[in-house]
Each structure stands twice: as C-alpha cells, then as structure tokens.
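As you go down the protein sequences, you meet chains B and E in turn.
Following the working numbering, the numbering of the first sequence begins with 1 at its first residue and continues without gaps.
Following the working numbering, the numbering of the second sequence begins with 1 at its first residue and continues without gaps.
Hints were generated in silico from the structure; no laboratory data involved.
Remember, it's a predicted structure, so these values are computed and weren't measured experimentally.
A portion of the hints provided could be inaccurate.
Note: identical chains are not told apart, hence a pair may lie in one copy or across any two.
[Stated by the list, open to error] Taking lysine-lysine and the DSSO-like style, the derived pairs with C-alpha atoms no more than 30 Å apart in a straight line are:
#	residue 1	residue 2
1	K225	K172
2	K225	K167
3	K253	K73
4	K225	K253
5	K253	K172
6	K225	K92
7	K92	K73
8	K253	K92
9	K73	K225
10	K172	K92
11	K172	K73
Number of protein chains: 2
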Amino acid sequence: MPDQLGTPLQTPLFQRVGLIGLGLIGSSLARGIKRMNLAHAITAIDADPHVCERVSALNMADTVTQDAASGVKDCDLVILCVPVGACGPLAKIIGPHLQPDCILSDVGSVKSSVVQAVEPHLPDHVHFIPAHPVAGTEYSGPDAGFSTLFHNRWCILTPPDNVVQSKADLLKDFWEGLGANVEWMTAQRHDLVLAVTSHLPHLIAYNIVGTAADLETVTQSEVIKFSAGGFRDFTRIAASDPTMWRDVFLNNKQAVLEMLGRFTEDLALLQRAIRWGDGETLFNTFTRTRAIRRSIIDLGQETAAPDFGRRSPDDQTDPSVKR
Amino acid sequence: MPDQLGTPLQTPLFQRVGLIGLGLIGSSLARGIKRMNLAHAITAIDADPHVCERVSALNMADTVTQDAASGVKDCDLVILCVPVGACGPLAKIIGPHLQPDCILSDVGSVKSSVVQAVEPHLPDHVHFIPAHPVAGTEYSGPDAGFSTLFHNRWCILTPPDNVVQSKADLLKDFWEGLGANVEWMTAQRHDLVLAVTSHLPHLIAYNIVGTAADLETVTQSEVIKFSAGGFRDFTRIAASDPTMWRDVFLNNKQAVLEMLGRFTEDLALLQRAIRWGDGETLFNTFTRTRAIRRSIIDLGQETAAPDFGRRSPDDQTDPSVKR
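Excised from the complex, chain B in its bound form (with noise of 0.2 Å):
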C-alpha cells in the first residue's frame, strides 16, 4: 500500500479548522492538513493540559488552548475528535460559539447517538454533518498520530437529509484531501454495518484477552509466551482505548446486541461440531473464509503479506525462497 498523499492544496479549503481532541485521530488530522495545506490555520483544543503542551512541542497548531468555547470562534471547520459520550456535552458547549455557516463535524465510530446528541445543542445557521474515519491503530493520544493515517481508507459521511449539498461536498474534498475515500450512508445504517466490521470484532478481541487471563489452570506468562498460536494477533484491538470502546458499545446498543447474538449462534454449531466430532461442518466453515480474506486484499483493504507482513518470509539471504 503506497503511503503517498500526493501534492499539497495550492488554495487551502477552510479558513481555520478547530480540532476538539488531540489524541490518535486528532493529531493525525492536524498532521495531514498541515501537510496537504487543507486550512489557513488551526485551532486544537483539548480539555488536557497535557496534551495541549504535546500539541505545542509536536508544533501541530496554529493556536493551542483549553477553552473550546473561545477556540471553535473563528473556525469554518470544528471537527469533534473525542469519545462518541462526550459530543454531546461538548457541543453544548460550543453550540452558541459557532460561526454562521461553520460545518461541524466529527469522528465518531457510531452514528445515530451522536446525531442525537449534538443537534439539539446547534444553532440553525451551523451545518451539522457528522463522518467516521475507519482508520486508526491500537495507540492513543498526541504522539500517536501520523498524516497518513487515512490514506485509501473509507470516511463514513451521514449527512441529514436537508444538508446544504456544497456544504457536504466541500467535507467530502476535505477528507479526499487526506487521502480517503468517501462514502455516504444513512446514520442507521452506518451502525449496523459498523457493529459487524468493527464493533463486534473489538468485543470478542476484548473479551478473548480478559478470558486468557483470568484463567487460573493456565499461567499468564504462559498465554504471554505462547502467544504466537494466534491470541497475539486479538491483543491488538483489545489494547485500543477503554474510553472510546466503552462509549461505542453504549451508544449502539441493539445493533451490537443483535449481531453478537448471530456471533453466540453460530458459535454454538461449531461447539456441537466439535463435541460430537462432526469434522465436516468444521471443514466447511473454515474453508468459506479465506476467500473473504482475499476479497480485502484485492480491495487494498490489507496487506497481502503472511503473518501482516511482522516479519520478513522475503528473506534475501536465504537463496531457496522464490517469492
């Protein structure tokens, strides 16, 4: 997967992008709008001091501030880059600060809440529009971001049915100009979607690692130095942020529910299989899923490489691999 964003923007599209939430996906759009010059300036704001102070070292900004009624003032783009529970309280907060004909944004991983949340707290004359970026990794905060992060990824826009079109297209270059691709859904159907290729796949990851090490007829510097066989791969995910999981599973209740309850039936036909020692069913199932892994490949979608290309099987000292 080429890493290159391509030429920068000769005319920046906004004016000033106020960015709320400086961790994993904030910095890393602050990064990549510097480097595309998508924006005049940029305002982050983030309510961590801390993290202010990164943002200022790391020289992500224009300006730097805790305060996000002041600092959304002046922008024509407030992008929300925080846990899915804290927009709405947020946008209470900066409702009555937002500048006529601002777009506001976000980067939730669930739609239909977060629209609920937030529009009762905006003023008309603000274009609520809101986006899911399905890029990231298992790292959090300031330090973590990069600007290619949403590199031939898909951005999720659900915007309501009375968007001001040029106002959503101009959200759709923005991304574009990131180096995404865009795509537009319903907020209900976002989330149902979501639930399977994300929510549901972070569950089991979690609870697969918490059931590894509660055990207590196998040590966990066991499961540790053994992890090769496959639970390693789970850890992954399940050291995403606690915050932002936590927030995506009680916010898209019923579409998780329903898929985890396909997940929990399935699972038991393949427990009977084994229990019963029906070898068939299980050679069945496991022979339908690599074609879907293939699939994802051809779509660049993933890396073709064996084991997510960890290590090397390209091995150039080894004269008898022909790859």
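With chain B's structure known, arrange chain E on it following the hints.
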C-alpha cells in the same frame, strides 16, 4: 525482531532427515535445515505429486519421493509435518521401516492424541519425541515456507517419561539450530495451554468471519469494504489451512470445549453490561487488556509497531512525526 539465524553448523547433527509433508512447516524445515547445515541430506516425502514437483523445482531436498515407507529407511530423524489426524495412519505405514535408534518427531498443534495414535505402531528401537513449533503464517504449501519461520519462536517438546535424554537433547539442538527456543512440557499440559493461546483464537476468528459472511442485513461487499475497522485482523487466522484446523479441534476436544465455555461465560457478562448500559464493567474489562499486549511485545513475541507495522507511521516525509 532480527531475522538472522547466525552461522551454519560446521558438523551436521543428522545424516539424513526425512520430512513427511512439505507444506508451510515442512518446507520451512527443509529450507532451514539446508541453510543451517543441520543434516547431510534431506529426504522430502509427500503424497501429492504436485507438491513433490514444486519441492524438486525449488531444490529443497536431496531426495524427493511419494513413497513414505521407502523414503524413511535411511533417515536418523523423521518429522511428520502433516495434519494431526494423518499422523497415526502414517506411523502405521512407516513404523516397520524406521531404522534402529531413529528419532521420530512431529510438528502437530495437538500432542496427547498424536501420541496415542502414533506410539502403538512404533518398534521399540525408535525414539518418539513429539514437538510443536508455535509458528506459522496463514499461507500453505511448499512455496509458503521460509527458513526463518522458527526464529525466536517457541518449540515445545513433549518427550515421554522413559525418553533417552541424549536423543531429546539432540532434537533440542536441532530446533535451536533453526533459531527456536525450546520448552519442555507434558503432552497434556501442552494441549491445555495451546487450547487458549492458539485453538480458541482460531475457532473465534473462523466463527466471526463466518457470521459476517452470512448476514442478510449487511452485504458481504460492505463487510469487505469497511473491514479496516477491526474485522480484517480476524480474517488472517481465519485464512489458515482448513484440514489442519479441523483435525486440531477433533483431537483436542476436551480442552477446547473447556476454554470455549469460559469464553462464552465472559462474553455473556459483557453482553449484559451492554444491554443494561453498565459502562463501568465495560471500561474495567477494556483497561486490563493493554498490559497483556505490552508483555507479549516485551518478550519479543510481537512487534511494537502500530497496526502490526502494516503501514509505516514513521513517515519520513512528514516532519511533524517525531517517533
């Protein structure tokens, strides 16, 4: 993680190693043995003529044959690199042809059932020492192997109580020659530990990929498109060899069902927390899991690079990145 295997041996440990099954593991062994000079000669044995053809073309062995009985005759080490369900039938075929004092080993992911299936077919003059290198990728076949696959990975040996220690030590030297760290364990303990670090994770991954593929409310193309949200991680181990994994579950039934029971119990707790909006339980569960990944990284069993290093945040062209 360094990929260097060090200096090849001056004097090989074995006269001739017979490898039965030239898939990912068998072909990695062949490449490693040659590279590190662990044997004077290699006999590659595979029932599949196409595999034999590839092994010859890749020049991985001195002798290539489809006939296991004659192939093992002059070997002082024979390693079964086949799905665990095939070990018993193979032992029956080769048992009468193994030379006196020969070491017979395997690489199976399950140990107790392999011992039960293999031992009855062996003459007294053969030393059967089961082994399991905890290493692999999601690819299969003779082209997928590489000489450094076992480097810095654990290889678990489960010798019987009456083992001739010098023979067990020789097998230990062999695996260490391939760069592996050797651990001793009983077959029963192995099966319990690997049930949680390898077998359960594979079952869960196969299951979630299957669940996602079967949904009628979300299309398969949506699942593939937005898989970077977490789902794609699971597709890697769910792309593993179906025959190998069918046999694992059929042959480690008790331990897998026990671990699966724990997993399901814990998942019910999270499900309840989501349903009742219990953010504290979710947050506490999600907080404990970061430390485990850190330990795995510290022990050299995982990369610290974000996202498994799939993309490089150390973006040289981005001056704001300070990593």
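Against the structure, the hints:
Taking CA atoms no more than 30 Å apart as the test, K225 paired with K172 passes between copies only; the shortest distance there is 18 Å, against 46 Å inside one copy. Taking the closest pair of Cα atoms, K225 and K167 come within 30 Å of each other only across two copies (25 Å); inside a single copy the shortest separation is 52 Å, beyond that limit. For the identical chains of this complex, K253 and K73 are neighbours neither inside a copy (34 Å) nor across copies (63 Å), given an alpha-carbon limit of 30 Å. For the identical chains of this complex, K225 and K253 are inter-copy neighbours only, at 23 Å across copies versus 35 Å inside a copy, given an alpha-carbon limit of 30 Å.
Taking CA atoms no more than 30 Å apart as the test, K253 paired with K172 passes inside one copy only; the shortest distance there is 29 Å, against 52 Å between copies. In this homomeric assembly, K225 and K92 never come within 30 Å of each other (Cα to Cα): the closest approach is 49 Å inside a single copy and 34 Å across copies. In this assembly of identical chains, K92 and K73 lie within 30 Å of each other by CA distance solely inside one copy; the values are 14 Å within and 81 Å between copies. Proximity of K253 and K92 under a CA criterion of 30 Å is satisfied intra-copy only: 24 Å inside one chain copy versus 55 Å between copies.
For a Cα distance limit of 30 Å, the shortest separation of K73 from K225 qualifies neither inside one copy, at 53 Å, nor across copies, at 37 Å. For a Cα distance limit of 30 Å, the shortest separation of K172 from K92 inside one copy, 26 Å, qualifies, whereas the shortest one across copies, 66 Å, does not. In this homomeric assembly, K172 and K73 come within 30 Å of each other (Cα to Cα) only inside a single copy, at 23 Å, whereas the closest approach across copies is 69 Å.
The structure fails to meet hints 3, 6 and 9 from the earlier list, while all remaining hints are met.
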